[in-house]
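J.: These protein sequence lines map, in sequence, to chains F and G. Residue numbering for the first sequence follows this note's numbering, starting at 1 and increasing by one per position. Residue numbering for the second sequence follows this note's numbering, starting at 1 and increasing by one per position.
In case anyone wonders, no lab produced these hints; they're calculated from the structure. Do not take every clue at face value.
Stated by the list, open to error - Only some residues are given here: those of chain G computed to face chain F with a beta carbon under 7 Å:
id, residue
1, D58
2, F60
3, R65
4, H166
Built from N, CA and C at the ideal position, the CB exists for glycine as well.
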Amino acid sequence: MSELGKKVLEKIKEEKIAPKPRWRFLLKDYFVWLLFLISLIIGAVAFCVSLHILFENDWDLYQYLHRSLAGHILISIPYIWIILLILFISVAYYNFKHTKEGYRHEAYVILGLSVIGSIILGTFLNTLGAGQEVEDVVASSIPIYESLTCCHNRTDIWDQPGNGLLGGKIIKIVDPKVFELKDFHGVLWQVREDDDTLEYEPIRIVPGEEIKVIGEKEQENVFWAREIRPWQNKGLMQKAKMRWDSDD
Amino acid sequence: MLDKNSCPDKTDEELVALALKNQDFFACLVDRYEEKLMRYIMRISAVTREDAEDLLQDIFVKVYRNLNDFDQSLKFSSWVYRIAHNQVISHWRKTSARPKVLKFEADEDFLKFISTDEDLASDTERKFTGEEVREILDKLDDKYREVLVLKFLEGKDYKEISDILHKPLGTVATLINRAKKQFKKIGAGKDLTY
Chain F
1 MSELGKKVLE KIKEEKIAPK PRWRFLLKDY FVWLLFLISL IIGAVAFCVS
51 LHILFENDWD LYQYLHRSLA GHILISIPYI WIILLILFIS VAYYNFKHTK
101 EGYRHEAYVI LGLSVIGSII LGTFLNTLGA GQEVEDVVAS SIPIYESLTC
151 CHNRTDIWDQ PGNGLLGGKI IKIVDPKVFE LKDFHGVLWQ VREDDDTLEY
201 EPIRIVPGEE IKVIGEKEQE NVFWAREIRP WQNKGLMQKA KMRWDSDD
Chain G
1 MLDKNSCPDK TDEELVALAL KNQDFFACLV DRYEEKLMRY IMRISAVTRE
51 DAEDLLQDIF VKVYRNLNDF DQSLKFSSWV YRIAHNQVIS HWRKTSARPK
101 VLKFEADEDF LKFISTDEDL ASDTERKFTG EEVREILDKL DDKYREVLVL
151 KFLEGKDYKE ISDILHKPLG TVATLINRAK KQFKKIGAGK DLTY
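If we strip away everything but chain G, and leave its shape as in the complex, we get (with noise of 0.2 Å):
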């Protein structure tokens, strides 16, 4: 039987296994999960909430389908955000739609990583407003945005990148710089507008 309170005690590897022999435990990685994915599906996508739910639903069917596949080399954590990366890229080509505008719960944490981040502190003159971030990274190309999600609102590291984008090393580095080059580059001008 399903001990609710064991839980939170357990490593995420530990849950795998006992999800595998018992599918009530596959609930706990569920709930340890489902904040986290649903604010990366609606960072880097254009969907609804709802979309998103059943997005999410589709996510942790899949994860649970291919526990056996799990690499215990990897952080469970950046095998679970390669599968969403994947589901939400198979949505975009199925509805053939790239994401219009980004609806951050939290553009402060951007605004935050904007602040600190010494690159773009020192080079930025002015500080954006959340309105502005959001128009900046709506202007990004997907692939900039996305490693700039993960970087600075995911807080993965870049091995962590590296296994959920399936990009070496040294391409996750190349591509946070290139991103970081085309944010301050459209944050320069000074029509942001369409």
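Only chain F is shown next, with the shape it has when bound in the complex (with noise of 0.2 Å):
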């Protein structure tokens, strides 16, 4: 045995240094895997909003609302939720790169099918209508939310029927052809619709469903509707939901 050897044997026995459990490297490895897995949900879900943000968005409404159609979509883009996606993109990057064998792979491998991870399971989510309900509670339970986004809820929008944007519930279906609406103000509006009037799908004309219309405001409380459309779109989940209500 070297001199070196025995020196390292000494100390092991004086300072009872002993091998480190199996069980510690093991919790390690599965919590940075753990923290990798969560990191890549979170930039899933950012993507899932951010892509329901992009779908939900009224991108031809900047004519309504005098704006240009490139301010229009400067202001539309959910820059919050991008943030996170790259955040949480880097985040899961980072952990993966402290896994056991995540220095063998390039950054761009990594960074790719993060990316890719998180647009498919994004993708995914938001097709069950996950987008929507996580915006919702972020802005419920955070009040700042609203004034740094452009869209979520923005009743503000839909309350101009001078300019031909009206938004709010049904409260009456007076005819096939005409409803009763009550607008953000509890202002009560006769909603008239003709043989050119768009109905965007899902939609349906019932008490209790929230819509926006655009069209033009004809009289006092009275509006021609051009075009019906959900208040927000709606998810797998949502969907089959209403076609179950509707069947019973």
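The task is to assemble the complex, starting from two chains supplied on their own in separate frames and drawing on the hints.
T.: Pasting the structure below:
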């Protein structure tokens, strides 16, 4: 045995040094993987909400809002969620790099897979309607959220009947072509449809349904509907629920 | 009881398993890697032999403490070199000392590499003296110097270097190419003094 070997063994024995138990290393590895997965899921949720906002946005409204198309696009981009997406993809990358074999993979491979993972999972979640659910929860728990985003529950945009934009809840069906709508100030409107009126799917003209109407104010509290859109688009789960309700 | 005579017949992995049951077997691993790691430390750092011995002792204690973390999919030597690499870096940080002068015990090895490496042999018009090699190496960036040491002096392949430095294979290849380029560039300069 070499001198160094003797010294090392002496030190080990004198200081009662023992190998750390295997479970501690395994626990650390699992923890890093868990952090990676959590980051990936949060990134996917951020992508899901971004997608929801982009799909939900009324891209053609700029003409009613007296904005340029470019200005409208710039205002409508979900910056907060995109920043969150980038942040959590970076955290996922960092954690993956710190897994036991993470160093073997090139940065672009890990980043690429994290982005693709977030996109696939985020798209799937949005299809289920999670984007809207998450945004609603965030908006109700973080008061500043509404002021930081352009489009979540923007009742003010749909409170311009003079500009052809009216939103609210259907109160009563008067006849097949006329229904009563209560706007966000509680004012009742008679909304008139005709053969040219477009109804965007999935929409149901039934009491309790929240809608957006684009058209023209014809008289005081009478509005002609050129287009009727659902207040919010619905994911697969909400659509299934709607079908279930209508079957009943 | 430790049967010293049986050590040379055992693989590193077998010795790790034995050392976990009986610490005396750890001495076999120390014997096996002592010289190699000492050379490696001296080649990548500017420590004195005494400091290198202290470092080496710390490295082996750390190896022993972390024996259960040894991943059987790696070579044990790569894992030990990785720990040595980390310990040397941590020593640099503690002492805030970048290696200034390399004290190679076998500059001939490096000269041999220069004369046999196709890339360098074709581009380098003259042969370097041992002193010049030392100066060139000392002027190389740390990351380039270490990768050249691992490749040409320690004889590690790309996979092993990747496991030691914790870098992807592609990055290791790039580092080696850049290291060679920097070596040639510095070597081509007439003035090697600071």
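J.: Which earlier hints can't be squared with this structure?
T.: 1
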